[in-house]
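Build the complex: two chains, separate frames, hints provided.
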Amino acid sequence: MSDAPHLRPDIDAVLRVRDLVVEFPMKRGRRVHAVSGISFDVARGETLGIVGESGCGKSTTGRAIMQMPRPTSGSIEFESTELTALGKRELREARTRVQMIFQDPISSLNPRRRVRDSVLDPLDIWNRGTVEERASRVDKTLEEVGIDPQRAHDSRPHEFSGGQCQRIAIARALVLDPTLIICDEPVSALDVSVQAQVLNLLEDLKAAHGLTMIFIAHDLAVVKNISDRVAVMYLGRLCEIADPDRLYDRPAHPYTRVLLDSVPVPDPSLGRATTAITGEPPSPISPPTGCRFHPRCPAADERCRVEVPEMTEIEPGHHVACHHPLVTPVTISS
Amino acid sequence: MTSLQTDGRVADGRLLTVEDLRTTFATERGPVCAVDGVSLTLDRGQALGIVGESGSGKTVLSRSIMGLLPSTARREGSIRFGDQDLLGPNAPDMSRLWGREMSMVFQNPMVSLNPVMRIGEQIAEPLRIHLGMSRRDAKATAIRLLRDVRIPEPDRRVDQYPHELSGGMRQRVMIAIALACGPTLLFADEPTTALDVTVQAQILELIAEQRAERNMSVVLVTHDLGVVAGHTDVIAVMYGGRLVEIAPTKVLFSQMRMPYTEALLQSIPRLDQKSHTRLNAIPGRPPDLHDPPRGCAFAPRCAFARDRCREEAPPLATAENPDHKFACWYPVGSPEYHETKERISAGLEIGSTS
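As given, the protein sequences belong to chains A and B, one line each in that order.
In terms of the numbering used here, the first sequence opens at residue 1 and continues consecutively.
In terms of the numbering used here, the second sequence opens at residue 1001 and continues consecutively.
Next comes chain B alone, as it looks inside the complex (with noise of 0.2 Å):
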């Protein structure tokens, strides 16, 4: 049940509903379907994390939602945010959510901010252009949001220009600015993959701090699990511009029901293994959109495929959680699962003995 604030704004509740979204690209190779059917919930203060390689269309769904694609792009099916429909007849100018109600933090500040432009007047044009503040207070607004994000002499680095600031402090400016006009939704577009680990762990930190000091949700959108697996309440895993597999992220990691989803875990190197540790990777590529196979998008590559894998693409089915959603027609923990499975490993018995 959504609630209203008097301004509007959800309170509590559902916050963003997508159904059935679909994002298509006109190119010169014909058209490309980025975003193919995707359907999610979102409740205000909680963190989606949506996971992927690159060309799984995990940018683009948030770009479709944002309203920031290209005119080449259309999109087809529908996305509510509070009581809003922002695909429908009567939608709303989208500038009009942007800073407001909805904000992105990009990948790279390096070319995100404006080199030519001090910090403290990129963070108050949105105060200035979303929320018509005078120029002193959003100056001074400006400062506070610097220090809400941990710069340290926000009064000095308020006049500075992006070139004197390190990676990571950029990286703070670009969430003072997507932070300034109070969003009740954020996104995070891969927010950490240019920083060191060290200040990966701090950015990740800063935001999921903010998010619970203004019960703000967070869409984290990136392609590494360990990010995601601490800082989101439900991931949704993404693969060939589908949605593959959704959950309360706990449920996702001790009773996942892809195989891409537990294939992309195998294969990342862990910490807790030991030196030379064989990889489990995944054979092959992803899959290329201009000519996407028929039937599931990871058959191709995935070692439980059967003949209705690669004819007939599954649909998003419920497993015993209910908030656990998977397309696969042989599951893990399927008996075709795991007859492949001893299949696999008998097969190796033989080749090691060999």
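Isolated chain A, as found in the complex (with noise of 0.2 Å):
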């Protein structure tokens, strides 16, 4: 386990990922690196915040929890059993437990059916009680979410809005009562007004059903707020992870103290913030060697060319994967 130090082999986890590969291949056996070698564990009731710019590989990360598609390689324990080893019927059986919310709130509901419909399909797919018993506990869950049973039952998709549809894919991901739940950007389309809703409502729903969550999002702030980690990942490698307090005081690795730079914050007393970085992440087809942020990193040197860097343990919780962090290690004397 010494390359991983960052893996906590003693807690209660609902979900262990060790050495996850994605790869999609390409014309001419060329490959996509998604997601190149990455393990972590989220304890249960832990929220784990995944963040990143796009085509670092978090919504693959997340998508690759649920077995679409099947990773190239690596493990998934979910509550102790090996996804990736699941036959057909068993993974089915498997994802009741594991649900997912995506980004595009009105386009993952079905425009045809009713809400209500959609928020019952999955009570009724695996005949969870009898037919009363599945209508009350829909009405529950809708309740649960802020969204009035007797106009889910009227209505369809495009009648509400994206917070509202937003808040009726949660219920559908709830109903099954399910132990982790992905969430894939789940704010990241709605007005900054009715973010705050959603997300007060996360946590809520976390609080009273002792749910264990992923939440990937690109929003900095968003994350730190709803995570109690926080893991910070550039093209398919993981750079950092830690408690996001600690993480958004004293970021370790350059790459995450660049994310942190380049966010806006709304306070002009506070001036410009310069531009931290220049260029764009290059391509996962031919990702750099060694550490792939070393062709943009002010501190890369022969060696984060040459050597993949390991996750390494600055200070208590918090793991860094960088030849050359901004903190300096705690020394533990004796």
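Bear in mind the hints are in silico, worked out from the structure with no lab data behind them.
Just so you know, not all the hints are guaranteed correct.
[To be verified] Which bits of chain A does chain B cover? Going by a derived footprint, with three or more residues having C-beta under 8 Å, they are: (1) 190-197; (2) 208-218; (3) 221-230; (4) 235-246.
Given the structure is predicted, the values throughout are model-derived calculations rather than measurements.
The C-beta atom is built at its ideal place from N, Cα and C for all residues, glycine as well.
Structural data, given as structure tokens:
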């Protein structure tokens, strides 16, 4: 386990991901290296935030957990079941306990069905309880997310706003009483005033149902608000993982620093941040050798070009994969 | 005081004056007033931020000024650009202003660029049409513009197609096209919404740099208060088609009067907040413009609203600072505001002890 000191073998983990690799084949034998060997675990009741820019592999990671598509290699252990080894039928069964919420709430609901039926579907498919029990469960769940069940019974998605559709999608994910919910950019399509409503709702639901969550987003402030632990990804690899207050106060990876410096702050008295970085991430078809961030990193040297940095603990609960971390490791005497 | 250059362009002073602008769309469900009585001014070299959520009218406002509206739209009021009246009987042909006087950077470069045309030709097009340049000169200028917007290897890129460029590069091309004919006024409508945060910072920096270099005025339309905070001189906040607050950027953030502006700022998660900070969400959602509420459009969602707010729309009133205007009967800092605030916090305390 020395190669992955950020993993916590002693915790009650809902999810353990080891050496996850997802590659997509292309023409002429080339491959997109979407996720290149990442490992992490999620404790019961914990929210793991995954941040990074488009193309960093954060959504692919979320989908690989659901086995859509199946990862190229690596292990995904969900409540002590190895998902990658499951056959089709067992996998369907397991997926009832892992649910997903997507970015675009309107297109993730069937436009031609009444929304109450969309929420009822999972219960019908899995034959949970009697017809009356299902109905009352659906109504209760809709009420919990703040949607009037009567209106949901009569209306189709286009009659609801984006924020309301996202609430309905959350109800549908919740109705089977899952253990883990994977949220992929759940608030980025919403208006700012509605975004806070949905974030607060997710926090409330997590507390009420003891949910474990993976929250994937590009907005660093949103991720900080909702997460118990935050992982930063760049070009298919994990850069840094820590609890949010520590990570945002003392980023150790130069990329995390760049990300934080780029966020526009709604306070003109702080002045304008100067551009922290030039260029854009390279293509995941032929990712750089060594540390994948080295071509854009101000601190990069020869070692970074050759050697892939391993995760190291620089302070309790704060791990970084960098040869030249910005935070000096705390030396523990004796 | 406006001073003109020899070519009739505004060199200094007031560039744009919008007075009581109303833009109405005819729709199947009846007329929709997307911009309702907006007045504002903009000086040469100034950057104005228009902030609002979807349906606030921010995009329609900028398109109304530029004259980029569908035929179902009707504009009333007055828009003066330099010494020209854009809505009067002697209104100029807008196509003569586009490019040379005003231009726009659109939100989504994926759909705004022509996928089957080389980017060099797309930059050259306005140069040839508006400035009458030869093909050769236009291409040389296009390469210079690509260099201006920091596209590496402009000599090679000029012959490429949009799909060969990344999202950030395409947005740079959009900016190059908008800058091509040296406009005095640049509209940027959510120019960074589709982009990653590191690229967003680069693009905003680029627009700021070009603005300074060209003494250009910029109208930055966005939903992101963070984006306007660092890149504008004046901010106009819109809600339900109306201007609800306008002030110099620093004044707006330090002395905001409109409860909507305050609520909006408080609802955004911030990097300097601790994790799991409870967000002050605004209940409800933006108004339906087909059926706008009577009175103040924000009243149904406003914690400080009273009977008067639901009956009578507040006019834009001037604050202590003459450049600061807001539309609210019981603004932030008023006795009624404090009274409600005390009641809310007292209510919360009772709630938490029970």
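Next item on the list: Any hints from earlier that this structure breaks? Give me their numbers in increasing order, please.
Entry: 2
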